[in-house]
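> Generate coordinates for the entire structure from the input sequences, incorporating the hints supplied.
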Amino acid sequence: MELITPDFGLLFWMTLAFGIVFFILAKFAFPVINEMLKKREEEIETALENAEMHRQEIKNMQADKNKIIAEAKEEKDKIISDGRRIHDNMIEEAKTKAEEENRRIIDQAMEVIEHERMAATTDIKNQIADISIKVAEKVLMKKLESDQEQLDYINRLLEEIENRNQIS
Amino acid sequence: MINNFFKLTDIRKTLVIVLSLMCFVLFINDDVHAYDNVHSDNIEEIEHEECEKLDAGKLIFDHILDSYDWHIMTWKGKHISVSLPIIVHSEGELYVFSSKHLHHGHEYVTHDKHGGEVKFIIPEEGMYEGNVVRVCSDGTLARPFDISITKTVCGLFVSCTLLVVIFLIVASSYRKRGIKAPKGIQALIEPLVIYVRDEIAKPNIGKHYEKYLPYLLTIFFFIIFNNVLGLIPFFPFGANVTGNIAVTAVLALFTFFITNLTGKKHYYKDIFNTPGVPWWLKFPLPLMPIVEVVGCFVKPFVLAIRLFANITAGHIVVLGFICMIFILGEMSAAAGGAISVVSLLLAVFVDCLELLVAFIQAYVFTLLSALYFGAAAKEEH
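Keeping their order, the protein sequence lines are chains S and P.
Quick note on numbering that gives the first Met the number 0: the first sequence kicks off at 0 and runs consecutively.
Quick note on numbering that gives the first Met the number 0: the second sequence kicks off at 0 and runs consecutively.
Note that these hints are calculated values from the structure, not bench results.
The structure displayed is predicted, hence computed values, not measured ones.
It is possible that some hints are incorrect.
Each pair of labels, with its calculated beta carbon distance range [stated by the list, open to error]: (1) P:178 x S:52: 26 to 36 angstroms; (2) P:358 x S:61: 26 to 36 angstroms; (3) S:76 x P:176: 55 to 65 angstroms; (4) P:378 x S:52: 49 to 59 angstroms; (5) S:7 x P:378: 31 to 41 angstroms.
Simulated pairs of lysine-lysine, PhoX-like, Cα-Cα distance not exceeding 25 angstroms [what the hints assert, rightly or not]: (6) P:210 x P:377; (7) S:37 x P:175; (8) S:26 x P:201; (9) S:38 x P:201.
Only part of the chain S face toward chain P is listed, based on derived beta-carbon distances under 10 angstroms [stated by the list, open to error]: (10) 16; (11) 18; (12) 26.
All C-beta atoms in this analysis are idealised placements derived from N, C-alpha and C, irrespective of residue type, glycine included.
So this is what it looks like as structure tokens:
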């Protein structure tokens, strides 16, 4: 058997064996394997794409969430500041109202006091007049004793009183 | 019933049956001719000549070259080998007999259908050395049409069977597991399949790569299986299959025919009217077309030679290192013992290197085939 001359028998068997192996593998083995490999690769690719899509979605949602939170915060701040303002206003209002009321009450009281004072003054005046008349009467009682002049004076006084009564 | 039976019969079971049948045929190589009344074991033991000097060259070439029997080992001076069937076709008749009748230049005498005597012999020297020849009535030798199951053919059958079994198992597990992650032997094969597809077929062939992919995968795994099995030194492996020129020649021829039969218009235009060269290289004397056409034949030739030479060289080097122990051992036991450590280490190293070469050669053969297919499948832009 020679080293570099191909032997016919071996060529024959090799062609046959390799042909059969090639036929079997190319018909029953490799199509299945390649198809499955392809399928798997496609599956992985779509899975990756989906994952990327979902990641993007989640990112968007996160952004939305953040936006919503920011808006809510703003809203909250606004509400709080509004509340505070309203509260302040109310206090202010109440204060002014109270002050007004106070002043009104004080004014009223002043008026009443004035009125009372006036009445009291009149009362006191009258009482003084009364008392002075009584005092004068007592004083006069002693002097009014027959004297014309004194009679005249008394008449005059009477007139005066009468006038005063007429006025009042 | 029959349909059910076939449905139930798994591919694997069928393969086991086929494999056993094959072994049966290989080992029962007697009794083909009724008058062949020699009965003995297949594994025969032959008296070994005493104190035979070790001939390293002969030993190595006995391994590298094909033979009609498969020598397993020599135990206590006796050769243990499997005699393989000889199938020859001579003068219109087919003769099948065991090679054990032809050991040591013995003649095998049988009869043709007319009752005439027919003699076969394996000469130990001369132009037919080591081949079965028919001794004609006038004493001249004639080489018959010889399709014997030799050692290489036997090794080829073993690796082909293994290849088919493994790939059918892998295919069935793909069918079963679908697109799930690969498991077991499937996980071993899958990276290689993907490697051939993505690194060899796709970049070199282009968009028509799918048409060529089964062939590329087949040659890749065929070569790698035979290379690696050739490195296993135990029966029924270790036959030098890809280190045989006939085997690599057939592989190269397949590549050659596929390239040229699937060649598109553009491919042939490039050959007969090579673009980009001056006209005087083509016109009165068609130099370039001649070069291109010769190139078509040289390419597969080189493919065959490269694979054959690489694998053969590897086997020679490993055996050389091992033989060195015995050559020096014959001189003195001490030298043999001393060199055995070095030789063994070197042999292990070369074996590892051969493992790498086994892969690289499979890769190179597939890559170059893919390149040729790429040129053939290219279309005009």
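> All hints, please: hold or fail.
These are the hints, each one checked on the structure:
1. P:178 x S:52: 26 to 36 angstroms: 21 angstroms, violated
2. P:358 x S:61: 26 to 36 angstroms: Violated - the Cβ-Cβ distance for residue 358 of chain P and residue 61 of chain S, about 50 angstroms, lies outside 26 to 36 angstroms.
3. S:76 x P:176: 55 to 65 angstroms: At 60 angstroms between Cβs, range holds.
4. P:378 x S:52: 49 to 59 angstroms: 37 angstroms, violated
5. S:7 x P:378: 31 to 41 angstroms: Since the Cβ atoms of residue 7 of chain S and residue 378 of chain P sit about 39 angstroms apart, the hinted range of 31 to 41 angstroms holds.
6. P:210 x P:377: 13 angstroms, holds
7. S:37 x P:175: Roughly 16 angstroms between the alpha carbons, so the hint for residue 37 of chain S and residue 175 of chain P holds.
8. S:26 x P:201: Holds - the C-alpha atoms of residue 201 of chain P and residue 26 of chain S are around 21 angstroms apart, at most 25 angstroms.
9. S:38 x P:201: Holds - the C-alpha atoms of residue 201 of chain P and residue 38 of chain S are around 17 angstroms apart, at most 25 angstroms.
10. 16: 5 angstroms, holds
11. 18: Constraint on residue 18 of chain S satisfied, holds at 8 angstroms.
12. 26: Holds, about 8 angstroms.
Hint compliance for this structure: hints 1, 2 and 4 are broken, all remaining hints hold.
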